[in-house]
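Read top to bottom, the protein sequences are chains Y and G.
Take the numbering used here: the final residue in the first sequence is number 328, and no numbers are missing along the way.
Take the numbering used here: the final residue in the second sequence is number 325, and no numbers are missing along the way.
Since the hints were derived computationally from the structure, they do not count as laboratory data.
A hint or two may mislead.
To be verified - The calculated DSSO-like cross-link candidates involving lysine-lysine, where the alpha carbons are at most 27 Å apart (straight line), are:
(1) Lys327(Y) to Lys304(Y)
(2) Lys253(Y) to Lys228(Y)
(3) Lys37(G) to Lys256(G)
(4) Lys180(Y) to Lys253(Y)
(5) Lys277(G) to Lys110(Y)
(6) Lys15(Y) to Lys277(G)
(7) Lys226(Y) to Lys327(Y)
(8) Lys139(G) to Lys110(Y)
(9) Lys277(G) to Lys267(G)
(10) Lys306(G) to Lys85(G)
(11) Lys59(G) to Lys139(G)
(12) Lys137(G) to Lys110(Y)
(13) Lys327(Y) to Lys228(Y)
(14) Lys137(G) to Lys15(Y)
(15) Lys199(Y) to Lys110(Y)
Note that the coordinates shown come from a computational prediction; the quantities given were computed from them, not determined experimentally.
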Amino acid sequence: MAEMTYRDAINLALKEEMRRDPLVVTWGEDVALYEGSFKVTRGLLAEFGEERVRDTPISENTIIGVAIGAAMGGLRPIPELMTVNFALLAMDQIINHMTKIRYMFGGQVKLPLVIRAPGGGGSQLAAQHSQSLETFFMHTPGMYVAVPATPADAKGLLKTAIRDDNPVMFLEHELLYNSKGEVPDDPEYLIPFGRCDVKRTGSDVTIVAYSRMTILALAAAEELAKEKIDCEVVDLRTLTPLDSETIVASMQKTGRGVVVEECWRTCGLGAEIASRIYEGCFDVLLAPVQRVSGLDVPMPYSRKLEKLCIPQVADIVAAVKETMSGKY
Amino acid sequence: MDKHLTEILPAEDLLHMYEQTALCREFEESCAEQYTKGNITGFLHLYSGQEAVAVGSTKALQQDDYILSAYREHAQAIVRGAEPKRVMAELFGKATGLCKGKGGSMHLFNPELKFMGGYAIVGGQFPIAAGLAFATKFKHEGRLVACFFGDAAVNQGTFHESLNWARVWELPVLFICENNFYGIGTEVHRSSALPDIHRRTCGYDVPSERVDGMDAIAVYQAVRHGAEWVREQSRPYLLEAMTYRFRGHSMADPGKYRSTAELELWKSRDPLVNLGKRLVEAGIADQAKLDALRAQAVAVVQEAVKFAEESPWPEDSEVYADIFM
Ligand SMILES: Cc1ncc(C[n+]2csc(CCOP(=O)(O)OP(=O)(O)O)c2C)c(N)n1
Ligand SMILES: [Mg+2]
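Produce the entire structure from the sequences given, and follow the hints as far as they go.
Written out as structure tokens, the structure is:
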């Protein structure tokens, strides 16, 4: 175990996997010489050289398309999108191609590629640079979606993603890059996809969250503990595959649930999870499932307004109390 | 010039090209019939008239070069070596199809033949072709990627992104435009500021040339030359083959936007008839030989239809298979 940042944990996973497998390559805008706009790829060019660590033109659709072709040709590319907002320029290659190719070609090809994309709001980057698009990817069959909350999860999930033979959308949260945590040194530290991690056990209310929302949920649980409300925090870790079983099992214990999502509320992943809870254990529910969501607005710049749009610890606390209020 | 045909290719190769052209023609005409009967459904884009491009190009490429194309790709796959019966079964949506009936007419794929797919998002194949070229260069395999596309695809961003990218990364991609003058019903000059498509590469420092796409031998020579250049330089090159489709854009299109005179003019340059004529003039075949090859193509296609008809539908459980590994 070593304490390190989320950024360094991702960097370490990249380095370990590139050392292990010479077919792992990475590219993106300012990824090589500049070492990444969030410095996640620091040291990669120096260690692995310009064949494997490459700068690209600002052509997002082609950044992904080239990765698809390279994966078809036997490499294991890790394209980086400078931020997830720019994935929207690559949606044609991501949705129309990456997620379809294996299926429409009758399973005759595999696409081992990992798209890394930082995202999320909270840095006053305004409407075009603050989006949480995870639901878009989760909605589409044909790719896995990983959403790590901690440095250890970031390392273990990324290593699994790189070794997996399917396309993976790996969503990093920009506000977590400097967060610290213990990370296993083991180069075989792999976290399986499709298993939630119960990051805190509790008996009164289940809080389901992912990525940075998990960190907020844990903080909310701490506060609520002071008021003798015992929360269980279920961290999704991957949105696809989605581990409904662990969520439902937790709900069967608590009977009360809150889903926290940074994305927009309308048709957001919280609605999907709430629905799975209703389908899975309606009979044990003691209260309607609450959703704490991003507001359905383009992100405003002003930090006073921005704060209203992103779930806060206080919002989670309030939602938990709502499920405990007995007013329904 | 025709006397010297055998200086370009041995007689057996020339005959093989005729055989392939005939096979493609018969295959496509049979598809039209099967569509009318309701055995083939969905979109169906036929290649009749453009055969010289697929036949000439494929002859000039090496067997392990990668090929990608758009959705008008039955002939590309068959000329590469895909079994006509498995292609027909795919079009019928049967379990024995090239892609188990999951892709259909627009998504043929045959990795053993390095036929890396038919793509139905106009321009979608460009970046994928560049990526395959990167992989093969990275692995020092000595292959190139032949990327076929239509005249209308050059107005997609991916065309420009990928040309630029392939030049910057020095990737062995041979871009082959099949300029049949129309994107559905829109003639090239109505959608492209510069209708000479081969000239559009100058912004990316990618050399290019134009070739008669109704002449399989001219296409063969141009692709040979282009492919050699790509292999030697490890850089992209673009060929614009001027060709024509004899049918509408798809089976749904009666083709009212073009005149009978225009169509007749191009039909007078029919690549099947012309190649046959040249083989006869050069003393490589007589009419009886050509007729025999044509009859053989008809038989292959009849057998393909029979195979497709008799093949089973996919099992329902297949619906969830092949999403993930
Ligand atoms: C992105 C996208 N836009 C539009 C279409 C609809 N569409 C299908 S084929 C076509 C015309 C393409 O013409 P061209 O590239 O010249 O190829 P051709 O059909 O002539 O072989 C269009 C507009 C599509 N499939 N994909
Ligand atoms: Mg066209």
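Q: Compare the structure with the hints numbered earlier in the document and write down the numbers of the violated ones, lowest to highest.
A: 1, 4, 5, 6 and 15
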